[in-house]
Amino acid sequence: MVSLKRNSKLELVEATGRRSRETSIYKPGQTEDFKISRGKFSTFITCPRCFYLDRVVGLAEPGLPGWTLNETTDLLLKKEFDQCREQQIPHRLFSQYGLDHVVPFQHESMDDWRDSLRKGLMWRYKDSNIILSGGVDDIWFDTNKEELILVDYKSQASNNPVETESYLNSPYHEGYKIQMDFYNYLLTNMGFKTSDTSYFLVVNANRNADGFMGKMEFSETLIPYQHDISWIDEQVQLMIECMNGNELPHSHISCENCAYANQRNKYE
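Under UniProt numbering, the residue at position 99 of the sequence shown is numbered 99, and the numbers go up by one with no gaps.
Think of the hints as simulated: they come from the structure by calculation, not from any bench.
Computed from a predicted structure; not experimentally measured.
It cannot be assumed that every hint is accurate.
Said to hold, decoys possible - Simulated pairs of lysine-lysine, PhoX-like, Cα-Cα distance not exceeding 25 angstroms:
1. 145 / 193
2. 27 / 40
3. 78 / 215
4. 215 / 154
5. 119 / 193
6. 126 / 40
7. 154 / 40
8. 154 / 79
9. 78 / 119
10. 35 / 126
11. 78 / 193
12. 177 / 40
13. 40 / 5
14. 177 / 35
15. 215 / 79
16. 78 / 154
17. 177 / 126
18. 27 / 119
19. 35 / 193
20. 119 / 177
21. 193 / 177
22. 119 / 79
23. 145 / 177
24. 126 / 27
25. 40 / 119
26. 78 / 177
27. 177 / 154
28. 193 / 126
29. 119 / 154
30. 145 / 78
31. 119 / 35
Said to hold, decoys possible - Have a look at the derived ranges for each label pair, beta carbon to beta carbon:
32. 88 / 220: 20 to 30 angstroms
33. 144 / 1: 41 to 51 angstroms
34. 127 / 266: 40 to 50 angstroms
35. 267 / 75: 41 to 51 angstroms
Where is the CB? At the ideal position from N, CA and C, for every residue including glycine.
With the sequences and hints as input, model every part of the structure.
Okay, structure coming up:
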């Protein structure tokens with residue numbers, strides 16, 4: 001799709017293709033603190049060249065429309081879990097999965113941790129100037145083991161049943177697992193004891209209903225995921241080395257953004 005740039009008043013403005021805020025551009029060798037979000041870390045894992053062009057060169061990717069339906073299911077789920085958080089009682093789903101000993105985690109920073117745009121979980125990588133961050137959907141508390149459980153809400157509309165093995169093995173969900181590993185990495189380094197198991201709460205719209213009739217039906221499934229944070233430290237170090245380099249890194253062979261840019265350059 002072709003995206004047209006608009007300002008805060010939704011007026012069309014010139015698209016420069018570059019970031020306007022200097023603080024969002026990393027200068028190789030800089031000593032000032034620089035924040036890297038979970039999304040940008042995922043970009044580095046996916047395609048180092050796209051990451052470098054974004055964070056170091058300062059190119060701005062075309063914008064995408066908001067996922068308003070997904071955002072709405074997230075918002076409503078958070079409201080529902082916040083009611084249980086306030087009362088410190090298990091959510092209605094927990095009994096189906098043997099989680100009667102689990103309650104939504106109550107913490108004064110919860111709203112900050114869920115604010116992915118401005119705050120989120122934050123941890124300085126070792127003694128570096130890199131601040132790693134990520135906005136979580138929710139955190140639960142295992143009252144038996146006194147451990148925190150990371151949770152991510154996922155919305156979809158699929159005719160296929162939501163099952164743990166097929167869901168986690170889908171190549172389209174690899175990014176979800178990276179996301180969950182990264183959140184656990186942050187929370188662990190922030191000094192919290194985390195469970196070995198995280199959960200994806202998947203709400204799946206029923207596409208086989210007889211009609212819309214002013215509402216959409218969703219099934220709700222908890223997908224347990226045995227996260228792994230052992231690989232992240234090495235990748236963060238490689239990411240920092242990439243940011244401090246003066247050469248454009250190679251792109252991923254399957255990166256469609258890079259392939260499109262290469263082909264377009266032939267006609268300009």
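The hints, checked one at a time:
1. Among the hinted pairs, residue 145 with residue 193 is consistent with the structure: their alpha-carbon atoms are about 9 angstroms apart, no more than 25 angstroms.
2. Under the criterion of a C-alpha separation no larger than 25 angstroms, the hint pairing residue 27 with residue 40 is consistent with the structure, at around 16 angstroms.
3. Straight-line distance between C-alpha atoms of residue 78 and residue 215 comes to about 20 angstroms, which keeps the hinted pair within the 25 angstroms bound.
4. As the CA atoms of residue 215 and residue 154 are separated by approximately 19 angstroms, the hinted pair is consistent with the 25 angstroms bound.
5. Between residue 119 and residue 193 the alpha-carbon distance is near 21 angstroms, which keeps this suggested pair within the 25 angstroms criterion.
6. This hinted pair checks out: residue 126 and residue 40 have alpha carbons roughly 19 angstroms apart, not beyond 25 angstroms.
7. A hinted pair counts as satisfied when its Cα atoms are at most 25 angstroms apart, and residue 154 with residue 40 qualifies at roughly 20 angstroms.
8. For the hint linking residue 154 to residue 79, the alpha-carbon distance of about 15 angstroms falls within 25 angstroms, and the restraint holds.
9. At most 25 angstroms may separate the alpha-carbon atoms for a hinted pair to count; residue 78 and residue 119 meet this at roughly 17 angstroms.
10. With a C-alpha separation of about 14 angstroms, the suggested pair residue 35 and residue 126 falls inside the 25 angstroms cut-off, and the hint holds.
11. Distance check on the hinted pair: residue 78 and residue 193 sit about 23 angstroms apart at the alpha-carbon level, within 25 angstroms; holds.
12. Pair hint residue 177 plus residue 40 holds up; C-alpha atoms about 15 angstroms apart against a cutoff of 25 angstroms.
13. Taken as a hint, the residue 40 and residue 5 pair is honoured in the structure, with Cα atoms around 21 angstroms apart against an allowance of 25 angstroms.
14. Under the criterion of a C-alpha separation no larger than 25 angstroms, the hint pairing residue 177 with residue 35 is consistent with the structure, at around 22 angstroms.
15. Proximity of residue 215 to residue 79 is assessed by CA-CA distance (about 19 angstroms); at most 25 angstroms being required, the pair is judged to hold.
16. With a C-alpha separation of about 12 angstroms, the suggested pair residue 78 and residue 154 falls inside the 25 angstroms cut-off, and the hint holds.
17. Distance hint between residue 177 and residue 126 is fulfilled; the C-alpha atoms sit about 23 angstroms from each other, no more than 25 angstroms.
18. The suggested pairing of residue 27 with residue 119 holds, with an alpha-carbon distance near 22 angstroms, which does not exceed 25 angstroms.
19. Under the criterion of a C-alpha separation no larger than 25 angstroms, the hint pairing residue 35 with residue 193 is consistent with the structure, at around 24 angstroms.
20. With a C-alpha separation of about 21 angstroms, the suggested pairing of residue 119 with residue 177 holds against the 25 angstroms cut-off.
21. Annotation: proposed proximity of residue 193 to residue 177 holds, straight-line Cα distance about 19 angstroms (limit 25 angstroms).
22. The suggested pairing of residue 119 with residue 79 holds, with an alpha-carbon distance near 20 angstroms, which does not exceed 25 angstroms.
23. For the proposed pair residue 145 and residue 177, the alpha carbon gap of about 23 angstroms is at most 25 angstroms, so the pair holds.
24. A hinted pair counts as satisfied when its Cα atoms are at most 25 angstroms apart, and residue 126 with residue 27 qualifies at roughly 20 angstroms.
25. Note on residue 40 and residue 119: the hinted pairing holds, with a Cα-Cα distance of about 15 angstroms set against a maximum of 25 angstroms.
26. In summary, the hint linking residue 78 to residue 177 is supported, as the alpha carbons are separated by about 21 angstroms, within the 25 angstroms threshold.
27. Annotation: proposed proximity of residue 177 to residue 154 holds, straight-line Cα distance about 12 angstroms (limit 25 angstroms).
28. A C-alpha spacing of about 19 angstroms is found between residue 193 and residue 126, which places the hinted pair at or below 25 angstroms, so the restraint holds.
29. Among the hinted pairs, residue 119 with residue 154 is consistent with the structure: their alpha-carbon atoms are about 21 angstroms apart, no more than 25 angstroms.
30. At most 25 angstroms may separate the alpha-carbon atoms for a hinted pair to count; residue 145 and residue 78 meet this at roughly 24 angstroms.
31. At most 25 angstroms may separate the alpha-carbon atoms for a hinted pair to count; residue 119 and residue 35 meet this at roughly 10 angstroms.
32. The hinted range of 20 to 30 angstroms is satisfied by residue 88 and residue 220, whose Cβ atoms lie roughly 21 angstroms apart.
33. Hint check: residue 144 to residue 1, Cβ distance near 49 angstroms, so the stated range 41 to 51 angstroms holds.
34. Range check, residue 127 to residue 266: about 45 angstroms between beta-carbon atoms, so the 40 to 50 angstroms window is met.
35. Checking the proposed 41 to 51 angstroms range against residue 267 and residue 75 shows it holds: the Cβ atoms sit about 44 angstroms from each other.
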